[in-house]
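Just so you know, the protein sequences line up as chains W, H and G, in that order. The first sequence lines up with residues 1 to 274 when you count with the UniProt record's numbering. The second sequence lines up with residues 1 to 315 when you count with the UniProt record's numbering. The third sequence lines up with residues 1 to 519 when you count with the UniProt record's numbering.
Derived by calculation from the structure, the hints in this document are not laboratory data. Only a predicted model underlies this, so the values are computations on that prediction, with no experimental measurement involved. Please note that a few of the clues may not be correct.
Said to hold, decoys possible - Pair ranges (Cβ atoms, derived):
#1 Lys8(H) x Gly178(W): 55 to 61 Å
#2 Leu5(W) x Ser203(H): 21 to 27 Å
#3 Val22(H) x Ala174(W): 42 to 48 Å
#4 Thr2(W) x Leu131(H): 24 to 30 Å
#5 Asp3(W) x Arg9(H): 42 to 48 Å
#6 Phe86(W) x Val62(H): 31 to 37 Å
#7 Leu7(H) x Asp181(G): 48 to 54 Å
#8 Leu30(W) x Ile112(H): 44 to 50 Å
#9 Asp181(G) x Trp307(H): 36 to 42 Å
#10 Glu47(H) x Ala115(G): 23 to 29 Å
Unchecked claim - With the C-beta cut set under 8 Å, the calculated list includes, among others, these residues of chain G facing chain H:
#11 Ala123
#12 Pro127
#13 Ala243
#14 Ala395
As the list claims (entries may be wrong) - Which chain H residues face chain W? A few, computed with CB under 7 Å, are given here:
#15 Thr16
#16 Val20
#17 Ile30
#18 Leu31
#19 Ser142
#20 Gly249
#21 Ala291
C-beta atoms are modelled at their ideal positions from N, C-alpha and C, and glycine is treated no differently.
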Amino acid sequence: MTDFLRRLLRTPQGFLGSLIVGLILIAVALGQWLTPYGPADMQALARYGAPSIEHWLGTDQYGRDILSRLLDGARSTVVMALLATFIGTLGGAVLGTGSAYLGGRADEFIMRTVDAVMAIPSLLLALLVVSLLGSSSANALLAIAIAFMPSMARISRSVALAVRKQDYVSAAIARGEGSTYIILREMLPNVIAPIVVEMTIRVSFAVMLFATLSFLGLGAQPPATDWGLMVSEARQYLHRSYWILLWPSAAIALTAIGFNLLGDGLRDALNPRT
Amino acid sequence: MSANYILKRIALIFYTLFIVSVLVFGITQILPADAAVMMLGENATQEALEALRQRMGLNDPVWMQYLHWAGGVLQGDFGTSLRTGQPVGPALFSALGTSLTLAGFALIFMLILAMPMGVIAAIRRGKPADLIVGFISYIGVSLPEFVTATLAVMLVADMWGLLPPAGYIPLSQDFWGGLERLILPVVVVSVMMIAHVSRMVRSELVDVMHTDYIRAARLKGLHPRRVLFRHGLRNALLPTITIVALDVGYLLGGVIVVEEIFSIPGIGRSLMSAIQNRDLPVIQAGVMIMAATYSIVNFAADLMYAWLDKRIQYD
Amino acid sequence: MSFNRRAFLKTSTAIAALAVAAPHLALAQAEPEQGGTLRVAVDQAISVIHPLLTRVNPEYLAGELLYSGLTRLGTTMEPEPDLATSWEADDDLTVWTFVLREGLKFHDGSDCTSADVVASFEAILNPELASPASNNVGPIETVEAIDTTTVKFTLSSPYADFPAALAYNNARVIPASVISDDFGSLRSTAIGTGPFKLVSYEPDRLVVVERNPDYYDPARPYLDRVELHVFPDPGAQVSSLIAGDIDLVMTIGPNDFMRLEGQDGVDAQRVASGQFCNVNFGCDMAPFDDVRLRQALALTIDRQAMVDFMTEGFGTMGNDTPLNEAYPFFQPVPQREKDIERAKVLLAEAGYPDGFEAELIASDRPAIRTQLAVALKEMASEAGITINVTTMPHATYLDQVWTKGAFYIGFYNMQPTPDGIFSLLFTSDAAWNETRWNNKEFDELIGKARAVSAAEERTALYTEAQALMNEEAPSIIPAFFDMLGAKRSWMQGYDIHPRGSVFRLDFAWLDGTAPTRQG
Chain W
1 MTDFLRRLLR
11 TPQGFLGSLI
21 VGLILIAVAL
31 GQWLTPYGPA
41 DMQALARYGA
51 PSIEHWLGTD
61 QYGRDILSRL
71 LDGARSTVVM
81 ALLATFIGTL
91 GGAVLGTGSA
101 YLGGRADEFI
111 MRTVDAVMAI
121 PSLLLALLVV
131 SLLGSSSANA
141 LLAIAIAFMP
151 SMARISRSVA
161 LAVRKQDYVS
171 AAIARGEGST
181 YIILREMLPN
191 VIAPIVVEMT
201 IRVSFAVMLF
211 ATLSFLGLGA
221 QPPATDWGLM
231 VSEARQYLHR
241 SYWILLWPSA
251 AIALTAIGFN
261 LLGDGLRDAL
271 NPRT
Chain H
1 MSANYILKRI
11 ALIFYTLFIV
21 SVLVFGITQI
31 LPADAAVMML
41 GENATQEALE
51 ALRQRMGLND
61 PVWMQYLHWA
71 GGVLQGDFGT
81 SLRTGQPVGP
91 ALFSALGTSL
101 TLAGFALIFM
111 LILAMPMGVI
121 AAIRRGKPAD
131 LIVGFISYIG
141 VSLPEFVTAT
151 LAVMLVADMW
161 GLLPPAGYIP
171 LSQDFWGGLE
181 RLILPVVVVS
191 VMMIAHVSRM
201 VRSELVDVMH
211 TDYIRAARLK
221 GLHPRRVLFR
231 HGLRNALLPT
241 ITIVALDVGY
251 LLGGVIVVEE
261 IFSIPGIGRS
271 LMSAIQNRDL
281 PVIQAGVMIM
291 AATYSIVNFA
301 ADLMYAWLDK
311 RIQYD
Chain G
1 MSFNRRAFLK
11 TSTAIAALAV
21 AAPHLALAQA
31 EPEQGGTLRV
41 AVDQAISVIH
51 PLLTRVNPEY
61 LAGELLYSGL
71 TRLGTTMEPE
81 PDLATSWEAD
91 DDLTVWTFVL
101 REGLKFHDGS
111 DCTSADVVAS
121 FEAILNPELA
131 SPASNNVGPI
141 ETVEAIDTTT
151 VKFTLSSPYA
161 DFPAALAYNN
171 ARVIPASVIS
181 DDFGSLRSTA
191 IGTGPFKLVS
201 YEPDRLVVVE
211 RNPDYYDPAR
221 PYLDRVELHV
231 FPDPGAQVSS
241 LIAGDIDLVM
251 TIGPNDFMRL
261 EGQDGVDAQR
271 VASGQFCNVN
281 FGCDMAPFDD
291 VRLRQALALT
301 IDRQAMVDFM
311 TEGFGTMGND
321 TPLNEAYPFF
331 QPVPQREKDI
341 ERAKVLLAEA
351 GYPDGFEAEL
361 IASDRPAIRT
371 QLAVALKEMA
381 SEAGITINVT
391 TMPHATYLDQ
401 VWTKGAFYIG
411 FYNMQPTPDG
421 IFSLLFTSDA
431 AWNETRWNNK
441 EFDELIGKAR
451 AVSAAEERTA
461 LYTEAQALMN
471 EEAPSIIPAF
481 FDMLGAKRSW
491 MQGYDIHPRG
501 SVFRLDFAWL
511 DGTAPTRQG
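Hey, can you work out the whole structure from these sequences and the hints?
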């Protein structure tokens, strides 16, 4: 494990990614204690403030402290994205490995149906699900999880099939190991590794998809502090103060970059070939 | 590639559209809105609403409504918009044309930029050029379109006044005026694909250059550039076709956001306003058309892949 | 014009923007010139051009360009002649006779006579066709043609505001033959008597109309063409105006107004209006059936801060009645001020000494609904009231909450008359009885005012009605919005109208510096 960590941190992507994601997770965990102001406190006299000593990142259209809102929003934005990805991956993995396990006609049927659903762009699928369930963060989470399932199912199926054919599995079978041992010790770790890499990269998609849903008015709703919603609300005040727009955009971009880098770092660390 | 394979692929497209139709019809049935109210407005009387429901068959069992709708779709009749009272098909197909123009330019623009970026990064692996391309692509995949679009409009249109901020003119009506208005949307919608595809080209090319096949060509003493272009690039391009085709799904999603911001009357905007207004027939038809577009593009990519693959083997 | 300007002065003297907005009023006196294409930006799709079925402002604009009514609203909200040149009522204001212009022609060349007027109003009142106008044109019982140019309306009750009510956006005259043959055909074509004729119609992108040479006033319209461009993104409208791609943006937000104020060649336009966003209580549902609870919540609001939050100062304080200085027959009643202590006392009396919790629903369009909800949430928390804001898509809101909910945000255009707004929203028999307040005393006052033509007496009755509403607070009306728009300076003869859905583009013209008049 330490060996793996060392390998992860030695690649530039892995190092930078771990650093950024680490910082973001700190903000998520401790954000509510670090906020200098209440995220919903309005100050009628301090609206559209530029960054200053009192308000490091400035204030928004209601005179709310942007830094406090960003820290507060980190929790919902990042945790939601992680959860949506996790649920989507879990659902996809169950579907994909299940399909690979069943094989034959069932496999064919499941995979063709998964392909069919993939023909709907994931943003559109998420839009449909949200408009069906109603606009809220929780429903956006579910929508993104559902939108992720088909492609995760595809990936986990192909990984599962490939792993079954690997030499070390055959070797274990040849050694006469029990199937529980084979699945737990040989197959699972090798199935999980590529899925974890894919999942990490997907988190950045999820962050952006959340933001886009909020922009289109179908994700989080005011006065929530989701970053995507903050950007979307800030657009109409752009010409009063661009800071309101800039900071949450930067937060989204940084989070997405962090998880992308971490994902690539993990891939390299898990797969020393290249 | 056999005729059998092609037939199977076409059958798959129909299966896909069948699944999508069931899905989208199901979703629109449960949507919290009453089609009759949507059509007649808030101040319609109960009697008028009931009469309309009868006429539209809204009181029939769901499966009957589905069969009725699907039968219409097979004959090219997508129903009537609840909002405009106009047939859905013609309006959506003309919107699709607009979106495909946007998407087509975006694809071309993306290929022109992403290919060289990927190749340069692969050749100069680990060198500054590779790092720069890598950096750009990390930024590119990390910015949602609505952020890029907002920044682009603010800088290019509002502050520098270089390009029109929004609007759409059909190219057939005013080619240069239309093109000018397409530049910003095309750039915005292709940013993420450029980042994605250039990374894919790079990694495919790096992998291919490590294969025994390329090593053998090198050992034969072929010129490095010849090895790269005649052998390496060709083999690396093949998987790229599939990736680009899969990205079309992403492109169709991105179009929704970009059309909204730049006021482009494409299918994404039709769908968005249909979702907002609960214009159920338009949602159903729009999703079907998007799914069909995606399936057909991927089918074409598969055919191209198979065709190119054969040529390479004959080489 | 004079009233327009006076209303403006009254309500916004303190604001420096006046200095910028005033000069163009003087400029508009210049002699109109013919020609050019006016390019207008609208913020929603023009999904419906059937004049009897339009529902939102951009659609009303298309309807106004293509069709005429019997009367139309002037800039002072007074009914002006449109197809009718004169009208008179009997003594108890129930029988109204309208005289049409001679020689009116529809766009297809056929004559427009009293028969078409009768058929149009029968269509408007036909519940099968569900025209939104049916609730707004007054208590019409019968419509008859006396001769080819005279129409007689008989009302079921007296109605002094009838000519203004007939100027309603959907009360347009269409050919009788179209009504009997194919009523729906007007969803894609247009046969009216309006100043412009339809050239092309794409709901999501562009509507083009051209000058109608047979318009009843040979001088008007001055423009050769009008193009309505649909821009779903408000920022894009304003950017296009600055870039010179657009000549007129119908409505803009306060921030865009401030952005445009200093721009060369652009006139930001502003007029005080009775448009408002309100908080509706279901007065028949607990806990809001308790008047003390409603009063308590109304007392938590700092109204000046609300004007700032919601309108950036481009608005006026509300007093929980739908009337303000922009309306005729208006007299202020004592202003309700913020008083948290009093609110707490009222809450305790109502049995909520520790405050209460409630879900406030706002539809997502326009965004100002949510702004009101968010600001109210903060203000009410001072009195211990916990408000949870729920935002939902407009379609879902209309389906599930509107006129049914217990606690939600409304948004309304200014109506032509006090009666128009009172009997649209707040009387027991209101078309959209949002609050179910159902106060008999209030109904009586409004009903009485309908049968009176003397201005003083009407003012007294409406003031009494206002006082009653303010006291009982069936709805919180914290602020009124000014109407804001913007045009290029080369466009002349246009002022933004306080009603929000009246445009009068047949009076607009382009001077020689407009790009579409060159070449």
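### Query
Under the criterion of a CB-CB separation shorter than 7 Å, is Ile30(H) in contact with chain W as hinted?
holds (6 Å)
### Message
Checking hints one by one. Is Ser142(H) an interface residue toward chain W, by the C-beta closer than 7 Å rule?
### Response
Nearest chain W Cβ about 4 Å off; hint holds.
### Query
For the pair Leu5(W) and Ser203(H), does the Cβ-Cβ distance stay inside 21 to 27 Å?
holds (24 Å)
### Query
So does Leu7(H) sit 48 to 54 Å from Asp181(G), Cβ to Cβ?
holds (50 Å)
### Task
Evaluate the given range 55 to 61 Å for the C-beta pair formed by Lys8(H) and Gly178(W).
violated (40 Å)
### Status of the hint placing Gly249(H) at chain W (closest C-beta pair under 7 Å)
The hint holds - Gly249(H) has a Cβ within 7 Å of chain W, the shortest such distance being about 5 Å.
### Message
For the hint 36 to 42 Å, verify it against the beta carbon of Asp181(G) and that of Trp307(H).
### Response
violated (56 Å)
#### Entry: Ala291(H) as chain W interface residue, shortest Cβ-Cβ below 7 Å
Holds. Min distance 4 Å.
### Query
Would the hint on Thr16(H) stand, with a C-beta cut-off of 7 Å toward chain W?
holds (4 Å)
#### Entry: chain H contact restraint for Ala123(G) - C-beta distance below 8 Å
Not OK, violated: Ala123(G) not within 8 Å of chain H, min 13 Å.
### Message
Would the hint on Ala395(G) be counted as holding, given a Cβ-Cβ threshold of 8 Å to chain H?
### Response
holds (4 Å)
### Query
For the pair Thr2(W) and Leu131(H), does the Cβ-Cβ distance stay inside 24 to 30 Å?
holds (28 Å)
Consistency with the previously given hints fails for numbers 1, 9 and 11, ordered from lowest to highest.
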